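Chain by chain, the residues:
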Amino acid sequence: MCLGIPGKIVEITSAENKLALVDVGGVKREVNIICIVDEEHPPESCIGEWVLVHVGFAMTRINEEEAKRTLELLQELGEVQEEFQAMKNSAKENL
Amino acid sequence: MKHVDEFRDPEQAQKLLEKISVLAKQVQAGKDRPIHIMEVCGGHTHTIFRYGIKQMLPPEIELVHGPGCPVCVLPMGRVDDCVALAEHPEVILTTFGDAMRVPGSQKSLLQAKAEGADVRMVYSPTDALSIARKHPEKEVVFFALGFETTMPSTALTVLQAEDEGIKNFSLFCNHITIIPTIKAILDSPDLQLDGFLGPGHVSMIIGQHPYLFIADQYKRPLVIAGFEPLDILQSIWMILNQLKEQRHEIENQYGRVVQNEGNHNAQEAIEKVFELREFFEWRGLGSIEHSGVRVREGYARYDAERKFSIPNLKIADPKSCQCGEVLKGTLKPKDCKVFGTTCTPETPLGALMVSTEGACAAYYSYGRMDSFESKKEPTT
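From first to last, the protein sequence lines stand for chains A and B. Each residue of the first sequence is one higher than the one before, counting from 258 in this note's numbering. Each residue of the second sequence is one higher than the one before, counting from 147 in this note's numbering.
Treat the hints with care, since some could be wrong.
What the hints assert, rightly or not - Label pairs and their in silico Cβ distance ranges: (1) R154(B) to G283(A): 19 to 25 Å; (2) H355(B) to S271(A): 44 to 50 Å; (3) R393(B) to D280(A): 39 to 45 Å; (4) E152(B) to S271(A): 55 to 61 Å.
Keep in mind the hints are simulated off the structure, nothing from the lab. Since the model is a prediction, treat every value here as computed from it, not as a measurement. Where a beta carbon is used, it is the ideal one built from N, C-alpha and C, also for glycine.
With the hints as extra help, turn the sequences into a complete structure.
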């Protein structure tokens, strides 16, 4: 819950609602990007960027190296599986 | 547990450990107790245990595990209130996986679910909002918890609900805020701390400024730290440097993620939706002034505490359970009377055994380090 998972923004699904499709280790999920956009960084400019996703919200931009390392760390901690599972389950059950 | 050779950059790790060892001896010289450094964040606790960082450190340094696991500090009464909410026939109760396992005085949400309550695990509060859209005939309550890291997501979900005019969605708000908690710990008379590892992702939201009082008033160093083992070693080294030079400043080791000013949009959403409560009850720590937030009057229709009648139970922590002492760092998990016997990750009695970020669960999974610790005792 607290660590967040790195993912890559692959598509803007709603510029108005600040929603984007983020690829998190092969799982694609809609994520809110409101916390990382402003006038200087409009939603369209986010495509291809790596972000840290906390419970469905992109909270900060990170570089690819940081993303890779964070994923490795999460795998070590065994946190990734639990978050992925939660993400997949929620996609299956509710969406 | 890992060996230093398995770190991403073993050479750097080894160098850091050597520097830490030299500094620690200088700083601790002439003192009758080890240097106490508290890691505030549960994520750090997890890394420290997973990589065996405790055992790598010299005996002059003792790490104290802070209250930074939001699931762990939730008092039983709040869990009972949440179970009562879940048992309303019209309610679909939604929450994160960890929260479902926290024991209440009678049962956990997981047990309530087994008995027929509609309790659903979600990955994000936005999933709870989706359920509300799909079930307009039901009342969807999101059991919101966490520090500032998850607070913006809950606030933004409420703003989204308002935007769409969704009326059957509300929060049972148990968000807590880190600063008053650190202050309460600093004010605690039986606690002796020399420095802090600051929480990485909370700081990503709130920035550096809110910690200044720790340096200014309490004269303690705090270093905002990343979550990799190397980050933690480097941060410990930075704290020791400050102690040696008798400085007390807020430093940021995690600059690649934490900006000095934090995240403006996230802060704005929090400010809009939430306000501080007078008091909030913590498991093990008791009532702490201004340590929790509630939904502002303007968003009252999204507040489950106003929308439903809630028993508002106050349940004392189980007598045999010593979570409070462990949280304050005055007792080690393995020295608790029920650790590993009646309290295990499968059947947790105390909250610290519930989440992987809880000190007791971490000790249980990776610990068994009595042999290490006895080796670490200074030989006299």
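Hint compliance check: list the failing hint numbers for this structure, sorted ascending.
2 and 4
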